[in-house]
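There are 4 protein chains.
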Amino acid sequence: MPITLPDAYDLADYERLARERISEPYWAYLASLAGNGLTQRMTREAYDRLRLAPRVLADLSGASTRIRLFGASFEHPILLAPVAYHRLFHPDGEIAVAQGAGATDTPLVVSTHASTGLEDIRAASQGPQWFQLYIQPDWDFTAALVRRAEAAGYGALVVTVDAPVSLRVQARRAGFQLPPEIDAVNLRGLVAAEPQPSTLGGSPLFGGSLPPAPVWADVARLRALTRLPILLKGVMAPEDASRALAEGLDGLIVSNHGGRVLDSVPPTIEVLPAVLAAVDRRIPVLVDGGIRHGTDILKAMALGASAVLIGRPYIHGLAMAGALGVAHVVHLLRAELEVAMALTGCTGFDTAPSALAQA
Amino acid sequence: MPITLPDAYDLADYERLARERISEPYWAYLASLAGNGLTQRMTREAYDRLRLAPRVLADLSGASTRIRLFGASFEHPILLAPVAYHRLFHPDGEIAVAQGAGATDTPLVVSTHASTGLEDIRAASQGPQWFQLYIQPDWDFTAALVRRAEAAGYGALVVTVDAPVSLRVQARRAGFQLPPEIDAVNLRGLVAAEPQPSTLGGSPLFGGSLPPAPVWADVARLRALTRLPILLKGVMAPEDASRALAEGLDGLIVSNHGGRVLDSVPPTIEVLPAVLAAVDRRIPVLVDGGIRHGTDILKAMALGASAVLIGRPYIHGLAMAGALGVAHVVHLLRAELEVAMALTGCTGFDTAPSALAQA
Amino acid sequence: MPITLPDAYDLADYERLARERISEPYWAYLASLAGNGLTQRMTREAYDRLRLAPRVLADLSGASTRIRLFGASFEHPILLAPVAYHRLFHPDGEIAVAQGAGATDTPLVVSTHASTGLEDIRAASQGPQWFQLYIQPDWDFTAALVRRAEAAGYGALVVTVDAPVSLRVQARRAGFQLPPEIDAVNLRGLVAAEPQPSTLGGSPLFGGSLPPAPVWADVARLRALTRLPILLKGVMAPEDASRALAEGLDGLIVSNHGGRVLDSVPPTIEVLPAVLAAVDRRIPVLVDGGIRHGTDILKAMALGASAVLIGRPYIHGLAMAGALGVAHVVHLLRAELEVAMALTGCTGFDTAPSALAQA
Amino acid sequence: MPITLPDAYDLADYERLARERISEPYWAYLASLAGNGLTQRMTREAYDRLRLAPRVLADLSGASTRIRLFGASFEHPILLAPVAYHRLFHPDGEIAVAQGAGATDTPLVVSTHASTGLEDIRAASQGPQWFQLYIQPDWDFTAALVRRAEAAGYGALVVTVDAPVSLRVQARRAGFQLPPEIDAVNLRGLVAAEPQPSTLGGSPLFGGSLPPAPVWADVARLRALTRLPILLKGVMAPEDASRALAEGLDGLIVSNHGGRVLDSVPPTIEVLPAVLAAVDRRIPVLVDGGIRHGTDILKAMALGASAVLIGRPYIHGLAMAGALGVAHVVHLLRAELEVAMALTGCTGFDTAPSALAQA
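If you read the protein sequences in the order shown, they are chains A, B, C and D. Going letter by letter, the first sequence gives residues 436 to 794 in the working numbering. Going letter by letter, the second sequence gives residues 436 to 794 in the working numbering. Going letter by letter, the third sequence gives residues 436 to 794 in the working numbering. Going letter by letter, the fourth sequence gives residues 436 to 794 in the working numbering.
Honestly, the hints are just simulated from the structure, not real lab data. The model shown is predicted, which means the values in this text are computed figures rather than measured ones. One should not assume that every hint holds.
So the derived list for chain A, only partly shown, Cβ under 10 angstroms to chain B, looks like this [what the hints assert, rightly or not]:
1) G636
2) W651
3) D653
4) E705
Incomplete in silico selection of chain D near chain A, CB under 7 angstroms [what the hints assert, rightly or not]:
5) R608
6) V650
7) W651
8) D675
Virtual Cβ for every residue (Gly too), placed ideally from N, Cα, C.
Kindly generate the complete structure, drawing on both the sequences and the hints.
Spelled out as structure tokens, the structure:
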């Protein structure tokens, strides 16, 4: 990694710098929010309302950020969430991300819509990697994808279920289109059902352009297909969390898809406690959405999250400095997390730390 | 409809574009708010505070936005509220609106102050239309208007009762005046009592310039006059809702006249539950005011509304692209509504959908 | 009144226009707020949080804004609060204000610090006038002032007790000074104790520069001196309200001196209910501070105020158009009040109107 | 003190003026906040939410701001908090601050990181001074510092425990560095353990770069070392407050280090009541952080604080006018405090004044 780091001291610096570097349509695609961006604002406010309780003169010897998930140990609780088409933001795309993640022992969740072959990504680093799966209407294609992920050595499957449809207004308004040299290479060969174009007088979605979306039966079928741990990503309702547990799934990711598909849904950090209660903490529950500070991570862990995922921030790192930028973003967050732990007398995550102040 | 659609992806785009196109005095007239616009801001905040509860992996087959009102079926729950003088905003005025509404199966509530004859509007489209009535001091004139609406085939009467007087400060400040070629053609021949001009030292309103306003007895008289369904528009108090039910009216529209006549009144969406309770859901209760997103509609329906009405937004569509613009505005809202339904696992409106998250 | 009215449709227009006309030091003196202006912002928010409950189809015949106070009847509940040195803002000063007040049957409370002789002000109009009194350390001077007010025909005494000391930061920062031709003419001949200048190391106030301030015993002495009704202005605490009742005073004005002397005190409208309860509504309780809309007045009356006072707004009217401007400001407020009454079904103030919506 | 005072009427004026005079890196160092500055904003809001209750006609004779602490009497409850390197802001540095403090009978807490010898500072003024101590890993060095403070005549020790580690992002971003002529002269000779530089892939803090931080045992050791009163600065948790009492410490300072080390911790003024309860008011509890107005001081005293400390504001005074500026800042605050006392009928601090309005 011979290039130099940008002049960035926190994730806000990276976002500001990346916004200047990334072309407007790609930025609109990356930053895109549904509706008025209400959920994103509520999310920042929800984290800001949670307050940390400083403790003094505590013994911090042996403090560590280590966590365990599905039998594996990771140095810290920060994962990289699935994001499509990394090559839009840096020519090395997913390869650079895998290298940056590997260098910081950061689990990377590779997107079904990666712009690089899943085997190549897996080969780019010794670090932990999971594979994110959109269950396709073509079951054979889905099964083949799973087999490829197993064969390549991915450690878990992350099934995204919170975005069966999306209006993508901001990306369309900005004229975003995939350039010809970038596509979802792992989906090549998949024959997608062409949606019926809707007319002004007809139902925009229910009239035929709603793509076939997976249902619970498909998840059960997937469960029977593989012995890899399966996490369901996008669970927000306690009822859906209970069902996932009953279906034999191994973990949950509380997510609202970064506020991209439906506005005015609750912040994930507010939903987390009810989801944890619904599964009685019997399986790991991770959370993503809006993590921008080490204090955010400590708050999520204090509420019972097993780990957190970041999405847009590591793309900012990628855009600025490739693998090094990805590693730097993780490092900045981890430094903030460790300072926050030290100042709240928190020495580790074996149990949820009591770092929150009374409201 | 040969013209092209404006580059608009949601109602905010339409508002922004329309503001550039519409001349300042007409815009001030259209956008006019009483006082400081407090009610409008509170309304946006009230919708934003309501939060949707995402559900995953639900079976959406057969999902539909269909509703039934007064024995008729409509494709979706979006109605066009009565707005005066459409010809201020497009030369085709109410004719274009009727065409755009008809093309999208959108019930249009034609204003007493339409700038086009009510028979001509009715003839412009096969779509559903209701007639909005201001009860006039001249009862014979009022009765004649009702007979014309019946004869023309309007499906219901909407009696507006929330604006017996208004200061119209923003319109006056902007110098708004009706141009000579536009008038309330359906009121031609009505002799209005000239209000007493008030002096600086006298009562501005109670001293004589308050126009005679209808009272409950007038509504009873109207009830006896026609078999058309009658909706009372502008009801905000549970006591008035109960009285309307007792007077044999067929439906209510919870409305504060778009915040145009009295500031610092509650948002309609906040008043809706108490009004529903007051009539025990025995008659349909519709709601207008501040609907700008499909998520707003789903929230109103989840609280028990039978349908919603939009006002200023379809005028923005009219100003930008005539009938096509009106249809497009409805289509955009409906698309957002269907996406919101799909992502909350909501398949229809036979009962109020449980789409709201706990606060 | 031959001059023309400014292009103003509400009090915000008057404030905007007056700010352009009044020189910066005088504006700073007029608009001056203690600290950060927190109380003023809280006051606006407090009024805005109160919400009006619209009613429809009510019978408004005979509606009136009339009130009774101390045996007299007034056309409306808007009074002009005592403001010093009107001649800073218009050459006709208090004379113009008295004329504008008289033309609109608006009780004017003349300040001890008027820039015009109290007898001349009283002679300038047939309208109702009260005299505001600062009790002076020189009791004989105070008694003489009271006798002059009695002789001139003032209808009540308003004793201001909420500003024994003030830092006047904004006025000092702007370099405000009284011009040589303007002074507190009614205090001529009064020998004021020269305050001890404070040094950096000493007590700024308690060390000697705190002017002698009246105490309860002085109020009792005043009570014994005159048969005029006495109102205490500046009462915010229920304990002080009870004491005033026990001292035989005739009325209270809940006031925080327009936020000029101490910041972060509660809005008067929030304190009003506790003050009313403390005196068991046995004497009239008026309120000032932040009244800018007719809806504000209706809210204060609905909470039990007997009347309201405005201060800065009528000075804006004075600065713009002399007596006519003062009358216009009152007229605009009254028009807004009457519209608000009509739309909430309120026909008068014999009892506190039930115009407020549930929170 | 021959120089003239700047045109400043309150602490906001001083901040504004100082920001123009102080060079950007030094300003960034002085104003530096952790994270997003959330705690600073919450602090302002917390003070602003507390509201003062005006009282009228109270007898203020004999009113005084005097307080007693550790057997000594001080003219007013404003202390100067420890701030490092005063010579960054004025060539006379700590000497000027000591003179300004002395001239206003203001206790000065001298920082371990002072840029002037602690004996020289003590000699510069007759006024009260305490010594702030960071317990160093080298115990002999720590003990020697304590002996020097005792010998020089400091009246108390203030042990800061809330900043064992800090990211100092804003100072680093601005390129702040100590100039060669300024250093922590009182720490000369101390051999600091060189922190291990962290790599992108390693633990930023726990991996070795976390400097050895004091624990409770070190505090006990210090207690045994000296008979000076010891205050613990940085206590936010009731548990830590109780422990401090049990360890025989003499006082507490509720502090979050001005929001410089950890963001999103509660405002000190909100934590104060729980800390007071934890020690049952058996030892003095002081508070710092965000005091900018006399009303803030009165609020803190009303909640039970024994005194307050200001930090950045007196540095603004120092930067603008040396000793005179420091004295002026204290004087302005004290004047505001006395006005606030007078208008709430508060005559002193022997008991916590009942100056707060009900929320």
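Consistency of the hints with the structure:
1. Among the interface hints, the one on G636 of chain A holds; its C-beta lies about 5 angstroms from the nearest C-beta in chain B, closer than the 10 angstroms criterion.
2. About 5 angstroms separates the beta-carbon of W651 of chain A from the nearest beta-carbon of chain B, less than 10 angstroms, and the hint is met.
3. A least Cβ separation of about 8 angstroms between D653 of chain A and chain B falls short of the 10 angstroms threshold, and the interface hint therefore holds.
4. Against a cut-off of 10 angstroms between C-beta atoms, the interface hint on E705 of chain A holds, since the closest Cβ of chain B lies about 9 angstroms away.
5. Checking R608 of chain D against chain A by beta carbon gives a least distance of about 5 angstroms; that is within 7 angstroms, so the hint holds.
6. Hint status for V650 of chain D relative to chain A: holds, with the closest Cβ pair at about 5 angstroms, below 7 angstroms.
7. Because the smallest distance between the Cβ of W651 of chain D and any Cβ of chain A comes to about 5 angstroms, under 7 angstroms, the interface hint for this residue holds.
8. Satisfaction of the interface hint for D675 of chain D is found here, the shortest Cβ-Cβ separation to chain A being roughly 5 angstroms, below the 7 angstroms cut-off.
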